[in-house]
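In order, the protein sequence lines correspond to chains A and B.
First residue of the first sequence? That's 1 in the numbering used here, and the numbers climb one at a time after it.
First residue of the second sequence? That's 1 in the numbering used here, and the numbers climb one at a time after it.
Simulated from the structure, these hints should not be mistaken for lab results.
Since the model is a prediction, treat every value here as computed from it, not as a measurement.
All C-beta atoms in this analysis are idealised placements derived from N, C-alpha and C, irrespective of residue type, glycine included.
Just to be clear, a hint being listed does not mean it is correct.
Calculated from the model, a selection of chain B residues having no Cβ within reach of chain A, i.e. all distances over 10 Å [to be verified]:
1. Phe33
2. Ala104
3. Arg196
4. Ser291
Sample of chain B residues facing chain A (criterion: CB under 7 Å; computed from the structure) [to be verified]:
5. Gln5
6. Asp117
7. Phe121
8. Thr217
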Amino acid sequence: MIELYHIWKQYQKPHWAIADVSLEINTGDFCFITGPSGSGKTTLLRIIFREILPTEGQILIDGVNILKIPDHKIYKLRRLMGIVFQDFRLMFHQSVFANVAISLQITGLPDKEIRRRVFNSLRQVNLHHKMWEYPSRLSYGEQQRVAIARAIVNHPKILLADEPTGNLDPELAYEIMTIFKEINDQGATVIIGSHDRELIRHFGHKIFFLQTGKIIGQEVKP
Amino acid sequence: MIFRQLKYLLQSAGHNLWNFRGRNLISVLIISFSFLVIGVFLALSNNLTYLGEQLSNNLAISFFLKQNLPAKEVEEIRQVILDSTLVDNVVYVSQSEALSRFTANFPELKEIVANLDSNPFPPSLEARLKDKSVTLATITAFIDHIKRLPGVVDVQFNQDWVEKMESLSRIVQAIGFFLGVILILASFFIISNVVRLNVFARKNEIEIQRLVGATNTFIRIPFLVEGFVLGLAGSLLSIFILFLLIKIFPVYIGQTLGAAEQLLALRPLSLEQMIWLVVGGALTGTLGSASSVSKFLRV
Chain A
1 MIELYHIWKQ YQKPHWAIAD VSLEINTGDF CFITGPSGSG KTTLLRIIFR EILPTEGQIL
61 IDGVNILKIP DHKIYKLRRL MGIVFQDFRL MFHQSVFANV AISLQITGLP DKEIRRRVFN
121 SLRQVNLHHK MWEYPSRLSY GEQQRVAIAR AIVNHPKILL ADEPTGNLDP ELAYEIMTIF
181 KEINDQGATV IIGSHDRELI RHFGHKIFFL QTGKIIGQEV KP
Chain B
1 MIFRQLKYLL QSAGHNLWNF RGRNLISVLI ISFSFLVIGV FLALSNNLTY LGEQLSNNLA
61 ISFFLKQNLP AKEVEEIRQV ILDSTLVDNV VYVSQSEALS RFTANFPELK EIVANLDSNP
121 FPPSLEARLK DKSVTLATIT AFIDHIKRLP GVVDVQFNQD WVEKMESLSR IVQAIGFFLG
181 VILILASFFI ISNVVRLNVF ARKNEIEIQR LVGATNTFIR IPFLVEGFVL GLAGSLLSIF
241 ILFLLIKIFP VYIGQTLGAA EQLLALRPLS LEQMIWLVVG GALTGTLGSA SSVSKFLRV
């Protein structure tokens with residue numbers, strides 16, 4: 001369960017990127033955080049995986065206040081998560097395989113297992129045939145799929161995705177959402193920041209509406 | 001699991017060393033230059049030490065004796081001198097021997113000596129010193145002791161030279177220590193900055209590793225290995241260049257120095273010095289790398 005209590009975030013005075021956001025996401029939820037550009041979706045996701053700290057507020061994940069985790073133990077939190085960044089954050093001088101495998105290599109899995117899982121992840125995003133290419137030689141959409149493969153390869157308990165389908169055609173976006181849904185069906189909590197109304201309408205189970213850093217609405221579908 | 005991770009980290013370090021070979025080559029050259037300066041200084045210092053040793057080896061003390069001193073007393077004095085731990089051997093120089101040495105060394109003054117009624121040169125005992133590293137204070141104490149013996153009238157010892165040599169040696173050591181510390185510090189900062197550039201260029205990669213859950217150790221190890229390899233390669237290269245310099249120096253530069261050639265010559269490093277340089281290079285590379293990468297490991 002992910003609980004956010006009165007989260008405030010200020011990058012620069014006097015503007016608040018996030019203003020008093022409180023929300024609860026249950027284990028196994030498939031939820032969207034939506035809103036126009038600049039509404040604070042990315043900031044909220046970055047706070048949840050503790051890339052940045054909120055100015056005020058508390059965040060509990062399974063009862064643990066993640067803001068109190070010492071810096072040298074943050075890796076334990078991150079290993080529970082799979083993250084798809086809006087800007088992909090790929091290592092451009094390393095192959096697609098290496099980019100995806102890094103999430104597993106840090107855990108010390110055997111090479112054979114790493115190869116198997118990386119191949120499966122890449123097959124899920126339909127990119128297994130480009131395993132040894134370098135990201136710089138891939139299209140924007142393909143790079144995005146590499147980022148998705150990296151996020152799902154370690155079977156995360158929480159999957160965070162920031163505009164994961166922003167550069168994909170509708171068919172592929174639908175396929176990617178289906179993959180996320182499959183991961184969700186296996187028990188993972190999925191949180192997606194997106195403004196794609198069609199996808200939200202089709203897949204959204206719990207939707208948070210964000211505007212100028214505030215939650216202005218919440219919708220839960222049965 | 002640890003071995004698997006270690007294997008991966010070493011592969012990763014190798015991969016990065018090769019991928020950024022241009023930048024790494026420049027790093028190695030800069031490191032080797034720093035260590036070359038230290039090496040050149042060591043080689044010069046080695047030469048001065050060698051010259052000092054040569055001078056010490058030739059040091060002898062002449063104890064002049066009373067004329068017509070009975071052989072028994074001469075032998076007693078000789079024995080006292082020989083008993084000293086400083087002395088290697090003692091040679092008796094009779095009056096006639098001293099005269100013939102003089103005439104051999106200064107043939108132009110032969111006539112003057114021949115006109116004298118008697119032989120003006122006193123007999124002497126010449127003592128050669130054993131230990132080259134003996135201090136001036138010890139030698140002076142020894143001379144004072146022998147001087148007090150009945151039958152010894154005067155002592156000749158090239159004290160000036162010993163003093164000069166000792167002070168030169170002290171200056172060389174002080175400069176060596178001073179320069180050594182400065183150069184090692186400079187090398188450390190150069191290496192740490194070069195590595196910092198490498199780390200900075202891979203800031204993105206470090207950030208990604210952290211965000212997917214890598215521990216700081218996992219991120220740090222390849223950089224430390226790279227720093228170690230760069231430092232090691234740099235110091236080995238500096239030893240190789242120094243070796244070439246030592247070979248080339250007397251041929252090209254040495255001749256233009258004239259009398260100073262002997263003083264400014266480069267003498268090869270001892271095995272111990274080479275090992276220190278290599279260890280120093282590897283250590284500086286590793287520590288420089290560690291200090292640089294730590295900056296990027298904050299959450």
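Against the structure, the hints:
1. Under the 10 Å C-beta cut-off, the non-interface status given to Phe33 (chain B) relative to chain A holds; the minimum distance is some 28 Å.
2. At roughly 80 Å from the closest C-beta of chain A, the C-beta of Ala104 (chain B) stays outside 10 Å, upholding its exclusion from the interface.
3. Distance to chain A confirms Arg196 (chain B) as a non-interface residue, since its nearest Cβ pair spans about 19 Å, more than 10 Å.
4. The beta carbon of Ser291 (chain B) sits about 18 Å from the closest Cβ of chain A, which is more than 10 Å, so the claim that it is off the interface holds.
5. With a cut of 7 Å, the hint placing Gln5 (chain B) at the interface with chain A holds, because the nearest CB-to-CB distance is about 4 Å.
6. Among the interface hints, the one on Asp117 (chain B) is violated; its C-beta lies about 97 Å from the nearest C-beta in chain A, farther than the 7 Å criterion.
7. Checking Phe121 (chain B) against chain A: minimum C-beta separation of about 84 Å lies over 7 Å; hint violated.
8. Violation of the interface hint for Thr217 (chain B) is found here, the shortest Cβ-Cβ separation to chain A being roughly 9 Å, above the 7 Å cut-off.
In summary, the numbered hints that this structure violates are 6, 7, 8.
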